[in-house]
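Using the sequences and the accompanying hints, generate a full structural model.
There are 2 protein chains.
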Amino acid sequence: MEAAMIAPALALTAFLAAPAGAQTRSAPDLLPIPARVSSMGGEFRLTPDFKVALEGPAPARLRKALARFRRRLSDRTGLRLAPETGPQPAALAVSIQRTGRLVLHEDETYGLEVSSSAMRLSARTDIGAIRGLETLLQLLDADANGYFFSAVRIEDKPRFPWRGLLMDVSRHFMPVEVLKRNIDGLAAVKMNVLHLHLSDYQGFRVECLSFPRLHEQGSDGWYYTQEQIREILAYADERGVRVVPEFDIPGHSTSWFVGYPELASTPGPYRVERRYGVFSSAFNPAAQSTYAFLDKFFAEMAVLFPDDYVHIGGDEVDGADWEANPGIRKFMKDNAIADTHELQAYFNQRLLAILGKYGKKMIGWDEILRPDMPKSIVIQSWQGRQRLAESAKNGFMGILSADYYIDIYKSAGFHYLNDPLDKESSLSEEERARVLGGEATMWSEFVTPENIDARVWPRTAAIAERLWSPAQVDDLDDMYRRLAKASLRLEELGLTHIKNYDMMLRRLAGGPDTAAVKTLADVLEPVKDWWRFSRETPYQTGSPYTRLVDAVAAESEVARSFAKLVDEFLADRKTGAQEIRARLIQWSMNDARFQPIARRSPILREALPLSANLSGLARAGLRSLDHIPGGGMDKALTRELMGLVDEARTDYGGAQLAVTVSVQKLVEAAARQP
Amino acid sequence: MEAAMIAPALALTAFLAAPAGAQTRSAPDLLPIPARVSSMGGEFRLTPDFKVALEGPAPARLRKALARFRRRLSDRTGLRLAPETGPQPAALAVSIQRTGRLVLHEDETYGLEVSSSAMRLSARTDIGAIRGLETLLQLLDADANGYFFSAVRIEDKPRFPWRGLLMDVSRHFMPVEVLKRNIDGLAAVKMNVLHLHLSDYQGFRVECLSFPRLHEQGSDGWYYTQEQIREILAYADERGVRVVPEFDIPGHSTSWFVGYPELASTPGPYRVERRYGVFSSAFNPAAQSTYAFLDKFFAEMAVLFPDDYVHIGGDEVDGADWEANPGIRKFMKDNAIADTHELQAYFNQRLLAILGKYGKKMIGWDEILRPDMPKSIVIQSWQGRQRLAESAKNGFMGILSADYYIDIYKSAGFHYLNDPLDKESSLSEEERARVLGGEATMWSEFVTPENIDARVWPRTAAIAERLWSPAQVDDLDDMYRRLAKASLRLEELGLTHIKNYDMMLRRLAGGPDTAAVKTLADVLEPVKDWWRFSRETPYQTGSPYTRLVDAVAAESEVARSFAKLVDEFLADRKTGAQEIRARLIQWSMNDARFQPIARRSPILREALPLSANLSGLARAGLRSLDHIPGGGMDKALTRELMGLVDEARTDYGGAQLAVTVSVQKLVEAAARQP
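As you go down the protein sequences, you meet chains W and G in turn.
Take the first sequence: its position 20, counted from the start at 1, is 20 in our numbering, and no numbers get skipped.
Take the second sequence: its position 378, counted from the start at 1, is 378 in our numbering, and no numbers get skipped.
For the record, the hints were derived by calculation from the structure and aren't laboratory data.
A portion of the hints provided could be inaccurate.
To be verified - A short list of chain G residues far from chain W (calculated; beta carbon distances all over 10 Å):
#1 S117
#2 G356
#3 E430
#4 P470
#5 F533
#6 R581
Unchecked claim - Subject to a maximum C-alpha distance of 27 Å in a straight line, what follows is the list of computed DSSO-like cross-link-like pairs (lysine-lysine):
#7 K180(W) with K180(G)
#8 K518(W) with K485(G)
#9 K375(W) with K361(W)
#10 K518(W) with K518(G)
#11 K518(G) with K485(W)
Ideal placement from N, C-alpha and C gives every residue a C-beta, glycine not left out.
Okay, structure coming up:
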């Protein structure tokens, strides 16, 4: 970097402390916030003769990234930019020192200088430059005179080297274009790993030439050809995103056994699993033929997937099928293997040797961690950062996924405040370096190509910031403000999280007029954690995922802003009263508009009680408002209104009202003695 | 068909004349309308134990179609249907006589009987059954008691055997998923041909193993691998849709010459063309090496594309490059070839021999028609049905594309009333049979993967009905009513014509609040015909297609319904006055809301005069309303208001207001002497 490093400062504070005389302007809505940002005052104006010059190495990855950058700039501004990159004088000079490799710990730093006369992007690698181009696009701003980039100096690098998203393509298969647009999303928020969960009970999703019955019989026809895998890999490579394949063994493996029952611990026959849950089917770790099979299998996959790491799963093996097999019991006795945990450790050691033979390192879930494993493995922790810290102390690298389970509908804020490293952690510098980052996990029981983007985005962008930006960046309100803007920018890349919401509501309403359905849907959220599984007739892979619960956002933005309004109002009993009342009136009248639609569209019938409860809640809120600021609402009325609030807590059709607590606060405030 | 043929009758009349005692219910919104429909009274209730039984042959194509049918039924209703198909008793019995072939004139007839106790679908081929399943899905209805199919008897078959959509993937490449979702759309409206325009000046789009520089140097990297072509073909085959490849030669061929300049009539070098227009580059028809090349080329493509027909383009050869080449001039002299038209005829004869060698028939644009061509060729007419009728008299088969040019933004109604056969046509039965149907043509100068669906749909559904339904089905209002519903059903298949509109408006507005932009966009249409080409700085392939003109619909639904309102109002000077006034008030106030958005979002600035003119128009309309029903508005005011109307005719940024004529009618009515 030729620019002198400037004093460390968080983006916003630095920006708000812009040089005197600079135009007052809001901070750019960068997400993730860079390590160091300072505003320089002024701006660089974008004109149609905008040119980019590449100085130094110009690998294909960077040239393609620049072409995409120009396309996005042109599409957003409507300006037809001068053709291709060109010689000096260029408006944007881009320089790198070398071509980056898609490996753990590759250098992703970049520096960006925007002045009123020129822009310069410098990075050690093309991957760093790609991160910088995303920042630059986020800096694009406009006023009545046209488009511009605010003058700024940025020095940036990630806090963690492993920032990923797991996509489970086994429970529900995701076509190539779903992966591609999500890779675009990852790159836009500077994530660098797509973890593909390629096999599980419910499906084996890769064409395997050595053992074709894997994809032929284990996939219902839904799998990626090797050509398609290469297409996905190339797409990810061009965006500086690693692709880590996961083949979850020895459990979670029914789909392997449909075509190759001899691999299993019990005779079968096996069918592709339609149900969800944890099942006992598992590879036979006592049979030498198992390892011969896996050797040949990984020999092929090691070539197909170039990443250094192969994820072998290793989670949730209940051991029942092993104990039920006399041959396996005998094997354990003969080899002094004490229990099924030891047996899995044995299996993993064999696997380690196989992966090593093909130049691969192992990553797996918590369960694979044993003291005798080599220090080259990476632990993916679904059990929490405490586990991760212990592993780090014991010399093991790890990434966090606990509390990044985006499939269970928790808030962006919840994920955001979940740091892979405890602030009060007693880890040494060296131990801390073993905590590599984290991965959001998109388990796909409840998602289809239609709504998966809405489960991944925008919440994964909050996780991306947690893993990229300095630990001190933790202002929730500011994050949500920037997340809303980032969400719209993600949509430009082809992600469907916003537009498919409207589409699903149109289908539910059976017509273009979705106003009443949307008013209800806007304040609903799916039941959190894993409760949705137990709420109804068991879901299966073939169930419809087109119901209201599948359309509503994981986190209601309307409910979140309403909660904020109520809190502000209750602080001084004045602010926002009118807005709160307007909202409540809208909700109180909505049930009468929703009912006739649900009568014409029976798929909405399950939401009738939710609709009635929303209007009930709203009435409770309105009555309470009448008693605030005075307070002292009489007890009988308070009981009645609290009854409405309590009723509104019940979930129906897997969904629940997300404004109940806010209304409860209003009722309680109204009831409080003055 | 085992069901007795019932009296021929148009769907709606038959339905409205349902048996006495049957519940009064609106006609089902079928599109295209079947050849014969009669309502039987009553309905079949859909329950979760709904099963389908296949009687007789059960080819994979049909089994997959049934799986998709069940998926769509389940997704729309939220009902988890009983697993797979099963044995009797089934709610829906499907029977076919044989597996259909994807060839011209394949049998697509089907019969459908829905009674309160059972449903039966019978067809000669699985392709016919697939058409019937689409009809059945359109019959799905609902009331307060749940979902049902109205009892009905349908005997259906297409009027024309060739019902297609041309997609130009040369001017702008369309990724595989764009083709797939449009194939779903074609099947949903019972079209049966996807015509891929695979090469042109601006790009060669198929991997060619014999001559790899074609795709390597002629595509900018945007081409289909042969694996992807096979994927598209399989997808289309499963839906009963033929794929006809077009390689446009000897003109429209610059992209071939980038890698193989020796094929051209002038020495080159050649670059992939970025501009639009008609260029003089053409194959050298005098060189024998040209035919050796094409022989090897078509040998490969004949295997890749299984359809009987290969489209060789043949349009718009200006002959300039031929006349400029002394060798070609000499060749013409030596062979007594009178002019360049004769030379192209010679070229086509050679081509015909090559295609014949590989078992292919030829289709091409009007220009290829010469009396000495064999009667097996098919003429695709961009010159009109008169041409088509003449050809038919001369023994040639043809399809109509003139007036199905959906790229030039004409109305669904315009296309709908354009029949391949003149009602007063003097053609004999045999000659009429040579008019095979038609194709909508989606030339892609102004479309990208983002907005192509909105240019194809829903208007192509109107063309589909023209080509499928009896000629007498021509009620425009009824078509538009059904088209609106069909449009929503098309969205369920993944088509983006509705949802990308909102997305594009969000990007234009730079935020989620698009109300003012939408109010304006809703009454805009792109300039019609080819005028858009000449309106601004020349467009190129790399221009941004994200401007307001690219987002607005080809046909404004708001303007259409407003025009209807105004006509009804002016007929009796009462009906709809309030609704008209409400609209006008909304428009009159919109400019004040639009302006601040356009200030923040410069891409919208080009629409400022349109916004101002809309508000001006609305004021003119409101002032005129004040003088109706009386009339006799004074001349000065009339002149002033007509001035506003005239001003509103000007287009800006390629777009124009679509409500001008309606407001003009109001002004004229107000001015008329009482």
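Status of each hint after checking the structure:
| no. | hint | result |
| --- | --- | --- |
| 1 | S117 | holds, 21 Å |
| 2 | G356 | holds, 33 Å |
| 3 | E430 | holds, 45 Å |
| 4 | P470 | holds, 28 Å |
| 5 | F533 | holds, 15 Å |
| 6 | R581 | holds, 21 Å |
| 7 | K180(W) with K180(G) | holds, 16 Å |
| 8 | K518(W) with K485(G) | holds, 20 Å |
| 9 | K375(W) with K361(W) | holds, 10 Å |
| 10 | K518(W) with K518(G) | holds, 18 Å |
| 11 | K518(G) with K485(W) | holds, 20 Å |
Consistency note: the structure conflicts with none of the earlier hints.
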